[in-house]
Amino acid sequence: MEDINVSKELKNDKSLFFNALKKGNLITKLSFIIMGLGCILRGQIVKGLIFLALQVSFIVYILNSGWYYLSNLPTLGKEVQRQVWNEELQIYEYKPGDNSMLILLFGVVTIFAIGAIILMYVKSVKESYNCELIRKAGNRPPTFKDDVKNLFDKNFHKTLLTLPAIGIILTVIMPLIFMILMAFTNFDKTHQPPGKLFTWVGFENFKNLFFSNSKMSGTFVKILIWTFVWAVFATFSNYLLGMILALLINKKGIKFKGFWRTIFVLTIAVPQFVTLLLMSRMFQDVGPINILLQKLGLTSQAIKFITDGTNAKIFVIIVNMWVGIPYTMLITSGILMNIPEDLYESAKIDGAGPVTAFMKITLPYMLFVTTPYLITQFVGNINNFNVIYLLTGGGPNSLNYFQAGETDLLVTWLYKLTVNEQNYSLASTIAIIIFVISATLSLIAYNRSASVQKEDTFQ
Amino acid sequence: MIDKNKSNKNIKTGYGMRTKIANAIIYVILTVLALIWIFPLVWLILQSFRAEKGAYTTYILPKNYTFNNYIKLFTETDLFNYPRWFMNTLVVAIFTCILSTLMILGTSYTFSRLRFKSRKPMMNVALILGMFPGFMSMTAVYHILKSLQLDQSLIALVIVYSGGSALGFMISKGFFDTIPKALDEAATIDGATKSQIFWKITLPLSKPIITYTVLTSFLAPWVDFIFVSVIMKDNYQNYTIALGLYQMLTRENVNAYFTQFCAGAVLVAIPITILFIYMQKYYVEGITGGSVKG
Chain D
0 MEDINVSKEL
10 KNDKSLFFNA
20 LKKGNLITKL
30 SFIIMGLGCI
40 LRGQIVKGLI
50 FLALQVSFIV
60 YILNSGWYYL
70 SNLPTLGKEV
80 QRQVWNEELQ
90 IYEYKPGDNS
100 MLILLFGVVT
110 IFAIGAIILM
120 YVKSVKESYN
130 CELIRKAGNR
140 PPTFKDDVKN
150 LFDKNFHKTL
160 LTLPAIGIIL
170 TVIMPLIFMI
180 LMAFTNFDKT
190 HQPPGKLFTW
200 VGFENFKNLF
210 FSNSKMSGTF
220 VKILIWTFVW
230 AVFATFSNYL
240 LGMILALLIN
250 KKGIKFKGFW
260 RTIFVLTIAV
270 PQFVTLLLMS
280 RMFQDVGPIN
290 ILLQKLGLTS
300 QAIKFITDGT
310 NAKIFVIIVN
320 MWVGIPYTML
330 ITSGILMNIP
340 EDLYESAKID
350 GAGPVTAFMK
360 ITLPYMLFVT
370 TPYLITQFVG
380 NINNFNVIYL
390 LTGGGPNSLN
400 YFQAGETDLL
410 VTWLYKLTVN
420 EQNYSLASTI
430 AIIIFVISAT
440 LSLIAYNRSA
450 SVQKEDTFQ
Chain U
0 MIDKNKSNKN
10 IKTGYGMRTK
20 IANAIIYVIL
30 TVLALIWIFP
40 LVWLILQSFR
50 AEKGAYTTYI
60 LPKNYTFNNY
70 IKLFTETDLF
80 NYPRWFMNTL
90 VVAIFTCILS
100 TLMILGTSYT
110 FSRLRFKSRK
120 PMMNVALILG
130 MFPGFMSMTA
140 VYHILKSLQL
150 DQSLIALVIV
160 YSGGSALGFM
170 ISKGFFDTIP
180 KALDEAATID
190 GATKSQIFWK
200 ITLPLSKPII
210 TYTVLTSFLA
220 PWVDFIFVSV
230 IMKDNYQNYT
240 IALGLYQMLT
250 RENVNAYFTQ
260 FCAGAVLVAI
270 PITILFIYMQ
280 KYYVEGITGG
290 SVKG
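Residue numbers (numbering that gives the first Met the number 0), protein chains in the order written: chain D, 0 to 458; chain U, 0 to 293.
Incorrect hints may appear among the rest.
[What the hints assert, rightly or not] One-sided excerpt, in silico: chain D residues whose CB lies under 7 angstroms from chain U:
| no. | residue |
| --- | --- |
| 1 | 253 |
| 2 | 270 |
| 3 | 277 |
| 4 | 330 |
| 5 | 384 |
[Stated by the list, open to error] To spell it out: a stretch of chain D is covered by chain U in this simulated footprint if at least three of its residues, at any positions, have a beta carbon under 8 angstroms from a beta carbon of chain U; those stretches are:
| no. | segment |
| --- | --- |
| 6 | 245-251 |
| 7 | 261-268 |
| 8 | 280-290 |
| 9 | 421-430 |
The set of hints was computed from the structure by calculation and includes no laboratory data.
Glycine included, C-beta positions come from ideal geometry on N, C-alpha and C.
So that you can see chain D by itself, here it is in the shape it has in the complex (with noise of 0.2 angstroms):
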């Protein structure tokens, strides 16, 4: 119902912005060329006013640096920076060339504002229209004052709205934009601006990543390999163990329930980092653990947690479960709770065992109801950093490896290549790999939850 009455109001809106180049007066028809004029001609004038001065700041801005961006976002740059002899002071001075990272930051910054511009272009031949068909109906259009009130309760929606707007314009979609053009240019230590320029290569750095250079493409696969493996054992192993810990709890006969729950559920609270941090320490090969358990005699030699390939990917699966575990009891909990009793009952007179139970009535009935979060527990642990990064640093590091280390999931390959090498056009190419994997993963689980399906329901 909804989506019709939508389409309807938006052929009208676009048929009002045509009307106005062909029915509208003369001032109307001015207001194609000079923003707000219809309004400020007939008594909207601050609106008319801050039109007028849209357009007019807009312009300034394209003469003066937009131009420039925007015509040397094809080549981003061509100038480079050089040294000059200065004949008067006897010395060589550096003159500034063209900086190819600000092209194509603020060539995007340049597009955003042209889309925005011509938003407020039709708007505003709109809004001049309508006073005009307001004037002609013999009735006055609403004041500045009438503008403003209606920003509190009919377009209550626009004042909530700006604010969060602008966050996610300026810190999520434009970066994403900026990150994704990065990944099609050579953009790294040896194109550093503003020293050097870094120009378009096209779809270099896929063909490199997948297959023309073997070390990055063998780094990539081996990488991604793990980053699946890891992320299968992280999410499944905290599943199920938290949630049998969570029917532990939950069993009748069972007291202090809620002693137990708060005993684990304080290794949540405490913040990631310091436990993390912790027992990376704690594993060490010098490490208090390797000292107890020398000292108990149950190895001669220093067991390598985190310097064998092997060992640390086994430990960082283990110590994950640590952290893992009682969140999915937390979360679990209530959930199991909402099994209905009889299931279990008629069960048990079936002559069914706890395990049977479980595999049989449990286990089906939190898959289904529980497949988004498990979905979105499995992207999470696709780009799961802190507990790589904290516990191993992605190590240890290995020949084979082209800048990263075994236990390295690409989330923390991409932050190595960015802080660590400047890398930024192979990190960007990454990004955009991590998010096609992460984006088609959480829009399946998006569309299963029940949650979105049955919005309009619900209320």
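Chain U: place on chain D using the hints.
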């Protein structure tokens, strides 16, 4: 109800002995697990009071106890300025909290209660944008902040933490959805504007979700590690707690500062733990809300 009790009784009499043994085994398992889970936390607290120097000792219980590790955090501030980091984090957390709460509650109220023509498309875009972790484009965020000459500053942190926060509107939208619409309609008939309904009717009824939103956005800066390290680089003065404490554990520092790290960590962990335990109910509701009702 009566039926249920009856069948419970049957089970109890039939399986009495077995249930008791099973429960005993469960108590043993729970105790062992609880010890495993609580051990690192106890060890952290013990180490924070340890008087002996060095990163690690060959025994678990410290031989001498002292408050010095805590005192040093606040007195020896040349290299590691703990009080300053604490204040940085607090300031950033307060501003982030105010901005985020305003944006999240505003956005979720709009999508829940107000009807306008681009509502559905905007909500879909927001959902998709909110699906991938923000730090994936952190390089880009860094360059944007740098071009605005805001890098390495606390303002940058506030912008980064609160900027995209509105994308997390789903939880509070779910809450607003449950407030009866009849209230709004009655108020509208009495001549209230939409803004008045928001401030005077909806918000006073939404204390739980306001608490949840305030606390989660307040906590974010205390536990984030990634954005700070990308934005601050080597500007030690503007570090937050998490990044600062991390510096104490680098290879060069760990020997001299391990016990101080523990003391610092305990001091941060206490308030966060209390806040978390306090809001765990809302937390669970927020995450499972959709799936439980479905």
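Exercise for the section: Could you check the structure against the hints above and give me the numbers of any it violates, in ascending order? Expected result: Of the numbered hints given earlier, the structure breaks none, since each of them holds.
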